[in-house]
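Peer 1: All residue numbers for the sequence shown refer to this note's numbering, where the first residue is 1 and numbers rise by one.
Treat the hints loosely; a few may be bogus.
[Stated by the list, open to error] Just the calculated beta-carbon pair ranges, DEER-fashion: (1) Glu252 - Asn231: 24 to 34 Å; (2) Ala190 - Glu89: 32 to 42 Å; (3) Gly57 - Leu352: 49 to 59 Å; (4) Gly151 - Glu89: 22 to 32 Å.
[As the list claims (entries may be wrong)] Computed list of lysine-lysine pairs in DSS-like fashion (alpha-carbon distance at most 27 Å, straight line): (5) Lys307 - Lys192; (6) Lys243 - Lys192; (7) Lys72 - Lys176; (8) Lys99 - Lys165; (9) Lys99 - Lys72; (10) Lys240 - Lys290; (11) Lys99 - Lys113.
None of these hints come from the bench; they were simulated from the model. For every residue, glycine included, the Cβ atom is placed at its ideal position computed from N, Cα and C.
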Amino acid sequence: MMRLGLTLTVLRSARALQQLTRRHASVAPSEGKKRVVFLGSPGVAALTLGRLLDADGDFDVVAAVSQPPAPKGRKRILQPCEVQALADERGLRCLTPAKARDPDFLDELSALKPDVCVTAAYGQFLPKSFLSIPSLGTLNIHPSLLPRWRGAAPVQRSLENGDEKVGVTVLQTVLKMDAGPIAAQSVPRAVKEGDTAATLLDELFNEGCDLLIDDVLPSLFDGSLEMREQNDSDVTEAPKLTKDEGFLNIHESPDARSVAEACRDKVRAFAPWPGTFLNVRAGDAAYRLKVLEARVGDAVDSVSYRKPALSIPCADGSALDLLRVQPPNKKAMDAASFWNGLRGAELEFLGLEDP
Numbered sequence: 001m002m003r004l005g006l007t008l009t010v011l012r013s014a015r016a017l018q019q020l021t022r023r024h025a026s027v028a029p030s031e032g033k034k035r036v037v038f039l040g041s042p043g044v045a046a047l048t049l050g051r052l053l054d055a056d057g058d059f060d061v062v063a064a065v066s067q068p069p070a071p072k073g074r075k076r077i078l079q080p081c082e083v084q085a086l087a088d089e090r091g092l093r094c095l096t097p098a099k100a101r102d103p104d105f106l107d108e109l110s111a112l113k114p115d116v117c118v119t120a121a122y123g124q125f126l127p128k129s130f131l132s133i134p135s136l137g138t139l140n141i142h143p144s145l146l147p148r149w150r151g152a153a154p155v156q157r158s159l160e161n162g163d164e165k166v167g168v169t170v171l172q173t174v175l176k177m178d179a180g181p182i183a184a185q186s187v188p189r190a191v192k193e194g195d196t197a198a199t200l201l202d203e204l205f206n207e208g209c210d211l212l213i214d215d216v217l218p219s220l221f222d223g224s225l226e227m228r229e230q231n232d233s234d235v236t237e238a239p240k241l242t243k244d245e246g247f248l249n250i251h252e253s254p255d256a257r258s259v260a261e262a263c264r265d266k267v268r269a270f271a272p273w274p275g276t277f278l279n280v281r282a283g284d285a286a287y288r289l290k291v292l293e294a295r296v297g298d299a300v301d302s303v304s305y306r307k308p309a310l311s312i313p314c315a316d317g318s319a320l321d322l323l324r325v326q327p328p329n330k331k332a333m334d335a336a337s338f339w340n341g342l343r344g345a346e347l348e349f350l351g352l353e354d355p
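Modelling step: build the complete structure from the supplied sequences, incorporating the hints.
Peer 2: As structure tokens, this is what we get:
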């Protein structure tokens with residue numbers, strides 16, 4: 001019995017050592033291949049890391065860098081971000097500094113001797129001490145047609161403002177956010193009905209990977225890459241989103257678009273986070289109604305259900321059609337289910353500060 005217990009202990013220790021070694025091992029690059037270090041954190045960044053790991057190019061990804069684990073869920077349990085989770089799964093070393101300027105992290109990065117760093121939605125400022133380490137510089141995949149929409153939320157701000165076209169840019173990282181010279185840019189594509197920030201982010205980062213892997217990195221490595229400076233006079237900013245921005249104002253538009261168009265654009269821009277909402281009163285109950293899907297409808301005189309939408313008249317005569325909504329403490333539902341649940345109660349639309 002004692003020998004069996006000892007054997008099980010040894011096996012568990014060996015397993016733990018194997019997992020620890022796999023987690024912290026860096027990939028040994030093939031001879032003659034360039035060394036790439038990837039930086040990113042959320043799901044779209046993990047998509048990009050996966051593409052780089054699977055690419056058949058003149059480079060090897062020798063390590064990843066992500067935001068440190070953060071508490072998630074109701075129990076606030078520390079969990080790794082998607083990039084760290086993928087790196088662990090693929091046996092790739094992953095560094096998780098609290099700040100990219102941390103001296104210990106910069107020493108570890110220097111020891112990796114990267115030829116180039118690639119970033120995608122990393123979420124941290126990269127100081128000069130970082131940018132001086134990779135011998136060929138740092139490249140960033142940014143999902144907008146720079147210099148339009150520099151900042152943390154380019155796709156969301158593009159949709160929110162009613163841009164007719166979107167695209168992705170691969171650029172060199174400099175100290176000023178998203179201001180570096182452009183290495184490659186996609187052909188602009190029209191925004192389509194059904195596009196949301198979530199679907200476009202996946203699509204644009206995928207297209208950015210194509211540009212990076214097929215065009216930019218090969219040209220960078222053979223010395224033929226030509227970059228162009230951005231025109232600062234065309235710059236627009238894309239600041240982070242906040243929860244309070246999700247209110248849908250059916251009384252006025254921020255620009256020349258109709259009120260319904262502006263609301264529709266915000267719904268698809270803020271999906272899935274922070275989401276959009278209307279403050280409503282139905283009978284004696286006042287509450288926040290989440291709007292999950294909407295479109296521009298035909299003009300109506302009063303709130304009415306017209307299959308498959310709940311049509312809301314806006315102040316300028318346009319109409320916003322609600323297709324999917326979510327009342328408090330209930331699951332998402334289609335417009336018909338919500339309308340039937342009102343049981344004839346009149347629906348009143350309140351201001352931002354209500355209810």
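Peer 1: Could you run down the list of hints and mark each one as holding or not?
Peer 2: Here is how each hint holds up against the structure:
1. One distance hint, 24 to 34 Å for the beta-carbon pair Glu252 and Asn231, holds here, with the actual separation near 32 Å.
2. Between Ala190 and Glu89 the beta carbon distance is about 36 Å. The supplied range of 32 to 42 Å therefore holds.
3. For the pair Gly57 and Leu352, the supplied restraint of 49 to 59 Å holds, since their beta-carbon distance comes to about 50 Å.
4. Look at Gly151 against Glu89: about 31 Å separates their beta carbons, and that is inside 22 to 32 Å.
5. Between the alpha carbons of Lys307 and Lys192 the distance comes to roughly 22 Å, so the proposed pair stays at or under 27 Å and holds.
6. Distance check on the hinted pair: Lys243 and Lys192 sit about 25 Å apart at the alpha-carbon level, within 27 Å; holds.
7. Taking the CA atoms of Lys72 and Lys176, the gap is about 31 Å. The hint is violated against a cut of 27 Å.
8. Taking the CA atoms of Lys99 and Lys165, the gap is near 35 Å; set against the 27 Å cutoff, the hint is violated.
9. About 20 Å separates the Cα atoms of Lys99 and Lys72, which keeps this hinted pair within 27 Å; it holds.
10. Pair hint Lys240 plus Lys290 holds up; C-alpha atoms about 20 Å apart against a cutoff of 27 Å.
11. For the proposed pair Lys99 and Lys113, the alpha carbon gap of about 20 Å is at most 27 Å, so the pair holds.
Hints 7 and 8 from the list above are not met by this structure, while the remaining hints are.
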